[in-house]
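Protein chains in written order, with my numbering: chain A, 12 to 302; chain B, 1199 to 1535; chain C, 3 to 331.
Don't take each hint at face value.
Unchecked claim - Cut-off 30 Å, straight-line C-alpha distance, at most; resulting in silico cross-link-like pairs (DSSO-like, lysine-lysine): (1) Lys194(A) - Lys253(C); (2) Lys136(C) - Lys97(C); (3) Lys267(C) - Lys253(C); (4) Lys194(A) - Lys136(C); (5) Lys253(C) - Lys16(C); (6) Lys97(C) - Lys194(A); (7) Lys1328(B) - Lys1381(B); (8) Lys16(C) - Lys97(C).
Think of the hints as simulated: they come from the structure by calculation, not from any bench.
Here is what each chain is made of, one letter per residue.
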Amino acid sequence: MFQRLRFLPKGDPLASPHRRVPWFSLGVFAMLFVCGLFPGLVAPMDPLKANFLALNAPPLTTAGGQLYLLGSDHLGRDVLSRIVHGSSIALYVSLIAVLFSSVIGTTLGLLAGYYRGWVDQLVMRVADTWIALPTVSFAIFLTAMREPGATNIIIVMILVFWTRYARIVRGEVLSLRERDFVKLAITAGASPLRILFVHLLPNVINSVIVLATLLIGNVILSEATLSFLGLGVPAPHPAWGAMLADGRNGLMSNRWWATVFPGLAIILVVGASNVAGDWLRRRLDPNLRNL
Amino acid sequence: MSTPIPPHSAPPVLEVEELRTSLGSRRGRGNVVDGVSFSLSAGETLGIVGESGSGKTMLGMSLLRLLPRAAQIVSGSIRLDGRDIVGCTVAEMRDIRGAEIALIPQDPMVSLDPLFRVGTQIAETLRAHKPVAAGQAMSEAVELLRRVNIPDPELRAQAYPFEMSGGMRQRVVGAIGIACTPKVLIADEPTTALDVTVQAQYLALLQRLQRETGVALIVITHDFGVVAQICDRVAVMYAGRIVEQAEVGRLFDAPAHPYSRALIEASAAMANEGGGRRFPSIPGEPPPLFGRGEGCAFAPRCAFARDRCRREAPPQTSAGPAGHAVRCFYPLEGDAR
Amino acid sequence: MTTASPTRPLLELKGLGRHLTLARAPFSREATRTVSILDNVNLAIAENETVGLVGESGSGKTTTARIILRLDSPSSGQVLFSGEDVGRLDGRALKSYRRNVQPVFQDPYSSLNPRLSVATIVGEPLFVSGEFAKAERRARVLQALNAVGLQADALGRYPHEFSGGQRQRIAIARALTLQPRLLILDEPVSALDISIRAQVMNLLDELQQRMRMSYLLISHDLDLVVRVADRVEVMYLGTIVESGPTRSIAKERRHPYTRALFDSKLPAHPRERRAIAPIEGELASPLNRPRGCPFHPRCAMATERCRVEAPPLRADAAGHATACHMVEI
């Protein structure tokens, strides 16, 4: 009796990995925000300024009195500065796209889940259609119609990602509307608007926040893909995807830095978004496993 | 009409001593089962009664070693047929569970797999513990269904859970419980998922199965009606402790703990058609799990509490005849009514 | 509690029926398969009266409550409140009906929106009605909370900070704010612990005396209903099988189902234990509702007639009605 039992895990079982705060990922996020909001302060050089004395300089080269920490590209532009300024584009695109798609998707999801019937049918069928939409072809189409630029990417992203919100919010509302507090609101004479935005919205907002965190990485990745294909922000502006495309040729002749570093930036941010989103999800609600 | 109480001179099949189970959460850590001791002989039925948060379900889960992640047994022993299962490994427990100590869970809707036929689910339990062929297990499953009064058992064995009524599903879960003739069977809230008119039927079935197999039965319930109908002995739980333990007639006639008495009076009043307008009630609320102070946990709600009750926790003492134990400094005497 | 006044009842259900369509013929609105959830339910609640509605799962008691609360609409029949057809109310009249008829549901966890403070939850009916200034709302919310035994410090707190019994008090306080004339109590204490049940029932009784409300008490718990109701309605598979003054029902138990319900009560003392189950058979669901008398497959007295012909609900002079071929009036 009273002996410590051997099957007990050491320490507090509640301190299991998923409850640990992902400091590294949050740090990456913080860096993204600092670089993205104040690129001029962080970047050591002008990202657009070519330097013909330092073409394709490898990392840690000093040329013209300036240190190229991550090397320079085929026009002699500082890779680090371009990555920093690229984060600005990534942040701008992802925040606006995520903001609009969450507002649109959440509203439509609320309506579909609460009213069901034809509203539900309409919203969900449109969502199904958008999911079937070939993103890249649509982006090419938009670029052909309009000037190339970040706005195109944002429009494409909103069109693609609102469906995620709509589906998840609708699913939660379907179960929430059966809860007694909704019936009580009806019997108190509350209007549908009040039920949607006072009773239902606050109960789905956690999932919306979690999904937004997860989607930031997704949007950045998609933005990189489209920029890589030349459908995004036009040169010479430093989008990460475009940098990958630019540096591609250098890879053959061992000039890896112009590709690897922007690629690393993408990997870090996307990974951080997934880890942080996952952590938030478990923190805010352990029951949300189906995002 | 009363059922004879079986003799309990036989050595106990289950002996629980000073069992402590703690549960942690963001708000802290507390003992959900706090120094519980009791023993149980073959063929005997023990009722564990308490309200929500009393720790009765956690006690049941501790006995089965089926605790949720955040909870763990911190001390004490559970001797099943002489063997302390607190120290058993997960693999050993898998063999013991179902074969020697089994559970009839509260909600048959959740505990049956909707994708498999009920016959298959019973046969699976059998094959997990006995080296029998599939065909043999299936015919044993049909036999078990017959024993729990399922009409047309051959046909019903091919049915899916959703094709059955709530009462039938409850009996299927009962059949799974007795499949491997365990020594101890734990029925968690056996009647709460059932409609009034089928509750009595189901309790009668449990009693018949016990008579036939000699299993020791633990009934976890909040309903004194269930206790009165099928239990030989009762343990009343409050805030993780057994505050009173007695033979069932004795507990109803002369409850010694103020909590037991108040609870019995409250539930008797609920069941009494003619009574006055007001229901006797217990003031206040059960204590929270975290931050239970020193002293008797019931003291803040107790009409008889004195200073000492608030300072120190009462130990278990005898209250009259053998087998009647109470945790109270000032046990009550005389009849409940 | 008090005897019914001879005048017009406060709430009246007339020939209420509700069926669900399971399947439709292709390209048509015609139903090919329906189930009957409620069938010709008649019921009346007088001023300051408590009517108990007893039944097991599938009896239609909750559907009845939903229809009264206008959360569902009947397929046939009508609900009359002070003589007015509730199904036709809209605008102002509906608003006034809603403030007069308030529900308390079974599950205190599902009844309170976890994201709203107690002040918002309890004050919602007042806020929605749009007739009260902020100070007045606050005063009334406080008054309602005090009436159920809660203090002002509860206002800023959230549902998770309260126990089940306290939550049910909050739900009751909310129902009281508009001073309704009728409370629909749908299993108000079955989710609560025994010691708390008594507290809540006593509270409801006090409030009824003080505010002169009528109660429709819906429960599966016969003991509880018999203890507090003036009249009892026993439902089985969507129909009322017995109805009358509580005392008369408790004493005579005319319908075999009512008797089975009484006999199924678990004993209050081990000395009263029973060896055999009082009633056999499975509870039928509305999906496979038997023909004739819905209770006949489980009834020991059933005859050929019960299998083909549904018995009508016939009342004696004292207002005690039974739907059974075997009962002489």
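Name the hints, by number, that the structure is in violation of. Of the numbered hints given earlier, the structure breaks just one, which is hint 1.
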